[in-house]
Structures are given as C-alpha cells and as structure tokens.
Amino acid sequence: MTGYNRYYKACLLLLLASFTGNVLASGDHKQHTKKPVSSCDVAQAASVKCALAPSAVFDASGRLWLAWAYGGHVYVNYSDDKGKSFSPALAVNRIAEEISARGENRPKIALDQKGAIYVSWTMPLEKRFTGHIRFSYSTDGGYHFSEPVIVNDNWDVTGHRFDALGVNRQGDVYIAWLDKRDRFKAAKSGEKYHGAAVYFSWSDDGGKSFKPDKKIIDHSCECCRVIIDFDEKDLPVILWRNIYGKDVRDHAIVNFLSKDTPAKPQRVSFDEWHIDACPHHGPDMSINDNGDYHLVWFNNAAARHGLFYARHDQASNRMIEAVQFGDFSKAASHATVIHRENTVWLAWKQFDGKEESVWLQKSTDNGDSWQQAEKIAVTAGSADYPFLIRDKDQVYLQWQTEVEGFRLISVN
Amino acid sequence: MCSFGTGAMPASFDQGSYQQILQQKQQGSFIMVLWSLDCPPCMEELPLLTAFHKQNPAVDIIMVSTDEPSRGEEIVGVMKQNRLLDISHWVFETSQEQRIRYSIDPQWYGELPRSYFYLAGKRVAAISGRLKKTDLDKWLEASSKEKAKS
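Chains A and B, in that order, are what the protein sequence lines are.
Under this note's numbering, think of the first position of the first sequence as 1, with each following residue one higher.
Under this note's numbering, think of the first position of the second sequence as 1001, with each following residue one higher.
Simulated from the structure, these hints should not be mistaken for lab results.
All the pointers check out, no bait thrown in.
With a straight-line cut-off of 25 Å between C-alpha atoms, the simulated BS3-like cross-links for lysine-lysine are:
1. Lys362(A) <-> Lys82(A)
2. Lys246(A) <-> Lys185(A)
3. Lys214(A) <-> Lys259(A)
4. Lys192(A) <-> Lys1132(B)
5. Lys1133(B) <-> Lys192(A)
6. Lys246(A) <-> Lys1138(B)
7. Lys246(A) <-> Lys1132(B)
Here are the simulated distance ranges between beta carbons:
8. Lys1138(B) <-> Lys188(A): 34 to 42 Å
9. Glu1073(B) <-> Val157(A): 17 to 25 Å
10. Asp393(A) <-> Pro1106(B): 32 to 40 Å
11. Gln1020(B) <-> Gln314(A): 53 to 61 Å
12. Lys1132(B) <-> Glu404(A): 39 to 47 Å
13. Val323(A) <-> Pro1106(B): 19 to 27 Å
14. Ala1008(B) <-> Pro212(A): 45 to 53 Å
Nothing here was measured: the structure is a model prediction, and the numbers come from that model.
The C-beta atom is built at its ideal place from N, Cα and C for all residues, glycine as well.
From just these sequences and the hints, can you work out the full model?
Structure below.
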C-alpha cells in the first residue's frame, strides 16, 4: 500500500467514525489531487484534518465555512471558534463522483447576505483534461444541499474545468471557468486551437437555474485558476492567465457592462513570459469599494520574473506600474491579496530548503507603498496554497498543512 | 539504475532521488524530462520524445512524472501508448513536492513540461515548456562531440 493509500484509508475511517450527516464517504473515488497536504491520523477527532485543498469563507455572523473534497464527495462544515473546532462534515453530493481537488482547482464555497450557501467544483470525466462544472446550494444553513447540477450547458466530453465562484451583494451567483468546447469543435474540423476559452454563467434565482453560457475570450491558459470578485457596481470582474500571440502567458481581466454583458477583456500583465507549458500558477484579486482592483500574479520570464502586485485605479482608469514582491530565490509563489478600506495585504508561500513558510506584506495607502515583508507562519511538512480571508474587519490567513492540518491565523 | 520493463510501475522520486541519479550517472550525458498527466503541453510533447527515442535508442532519457504515486498505472499506460516504456520512469512522492522541486532546481516553479539537459555530468540547459526538435538536436550534436572527445 502506498503512503497515499494509507493516508486515504485512514481518512476514510476517521470520516466514517465522525460522520453524523446524511451521506457517508466512499473511498472508491480517487481524488485528482496533486499533493495531499493534510495528514490524517485516526487518533485525532477533527475530520477537517483530512481536507484536501479546502476553501474557506466567513459568513455575515462570523461563522467560518469550509468546502473540501474527500472520497468522491464535496464536504461542507463550519467553525464558530475561528477554526479551533468544526461541525460534522456534510456531503454535498450524495452519489460519489470524481472531484478535482488540487492546488489550482479545488471546490469553492460562497455565501450570500441571507446566508444561503453555494458550492461549486470540477468533476473530471474519464478522458484526460475533460470535466464538467458542478454546483449545489443550501438555503437551510447547510443541513440540506440541492441535487448537484452541471452548470456548463455544453456537454461535449471536453474541458469545462477550473471553476471560479462568486456571489454579489444582491445574491447573483456567478461561475466562470476554462472551457475547451471551441477547441473540441476546431479539432473535429482538423483545425488547431490554442489553449482554452473563458466562459461564464450566472443565476438570479439563488442557483435554481443558470443563464445560457457566454464566452468571454478565446485562447486562455489551460491550467491556472480563474478569479472572480465584484466591483463597486456589484458587477463581476474576472481575472485569468491568458495566451497572447503564440505563447506569451500573461494576464487578462474583464469587467461587466451589465449583469449579463462582459466588456472587452484587457491585458493587465506585460511580463512577456514566452512559454508553451502549464504554469499551474494562477492570479488573485481583491476589489475595494471605490472599484480599484488589487491584483497579484506570478510570471517567470527571463527579464521580469517572480510575484507581482498591481492596482487598477478606478478614478484614473489606469494601471499603476506592477511591483515585484517575495524572494524569487526562495520559491516565492501562489500569492493571495485582500483589502480593507485603504489597507492591502499580500501573502505568499516560500521555501528555504528546509521549511515552507507564509510571508505577509502590508500597505496602508491602497497599495502605493509597502511595509517590510514578514514571515507569519512556518511548517515542517508540505503545505497547501495560502489564502487571505476576511471576517468583517479582521483578516486571517487560511493555510492547510500536512503537520498542523487546517490553520487559521489572525493577521494584523 | 531504474529501467523498467513493460508494465513496471514508476520508481518513487523523493527529495534524495535527484542527487542519487546524478551520482549514478557520474560523468554521463542524459536528458531529464519532468511532466504530468494533468499537463496538456506535456502530452503534446510526448510524440517528439517518442520519435527521438526511436532514432536514438542509446540516449539516456529519464522521465519524471509529478503526479501522485497512486496514478502509476495511468502513467505506465501513457508511456506504453507512446512507446516510451523501455526508458527510466519515476513518479514524485508528492507529499514532498516542494522539497523535490527545490532539490532539482530552486529556480523551477513547477511549470510543466520542464526539461534538463546534461553533458558529461553537467547541466547545460533547463527548458520550460514543450521541447522543440531543435532543442533535442542541439544537445545531441553536443553530446556526440563530447563522446568523441572521451
């Protein structure tokens, strides 16, 4: 038995022992995970320790909600004490299925202001690089979830993967993803199609139905996460890694003119990373009440490489020049950004040859200048990506690590 | 050295494997290709490696998959399909992913495919992205010259 399988079986036992919800975990479905960073120990009670690539969000009451995959199910649970203890995990999908649960592609969770819970994930199909976008919701505080649906209205056996989920203040649910239907069509007629496309759909009835899919752009990168946030008009803004020309993988953003109408996408990074490869390294974004976009990304061009921060200024409609952060020689990677009024925090992962760490850098003037970076967390084993999340005015680092499990660290 | 017959599972590549390979290769010339089942350009690169391997069966190629060990059978299937099963195959011990990457090259950020070229035990090139035939030919020519010298 491999170490992974041992880990897997231990997780299964733990879940079976602690489960009080309506569906039991099944170990028959493997996770499409690259790094099982949580180590499951049957002696420990918290099943969240088993969580692979979890996503977390606070609701309006300060309750922390998690979504994560295990044994062919997406589970949701919550914590009322800032991650110290968790409710029993409830399975969203009753019938086990394949679930993407890895660094760039993990189950997502979002809540609206009334407390409805929305969950999305990618269900890989048998054929490589194919999948469908799945969605479910709960209007009773997570006791019951709706039967999961496939969001993408094209059901070709091709890629509909790397979902991004966002819910705005009005409760509109948006999902964007990387889609290969046009590539699939091109291949059938013997034509070449570079990369994937970005599509989106949205719901104005709390996830009961979704509008027809719309394409935002052709030729996006194929394996980096997509990000959604909402602007000052409560309209979505979507950020992704795009392919420019033959093989330049820089970043693009699109805002919306109305709820259903994306504007023309704009290029936001100009690092000219020529690469015909999967960077597995997507961007992040946080939009403030003025409509300024705080953006972070990674590129590895010879001339300009590392992590970058830039701001799109709403007032001037201009991008401020991108600044580099993190220690490139220490594998600075997978940056996350969040804001509160004029304060902006960046966090990212580094590795010094011995331990993985998360570093934090703060600006109190909307990203014009930055305080010195500080190391805020370390772990001796392997670690998931870091995420900054906010509970009203308080910012936290969410970090899943092999040794410590789920960590929620308060950030000043 | 790991050289697998049909159906053999890939060897586990952990944080010490890279140094072990270098020691075993000593002053040898070889190519190490890192790839993943989840990486479309990696799959698109395989036919080029197949053709190269067919034309140059004596060239030492090491294939290292960064997928989790539980996908060993899938890896073997892809190698078989691409007639590359008779070369050296490894798979990441993924719980050590960051450490393994660092042990190979601290400047490699995980983009795939990633290929390293060695001449007489020295790394002469590191290429991110799908290889071109010219990359392989260039190394082959240098490797032949190196061989002639010795």
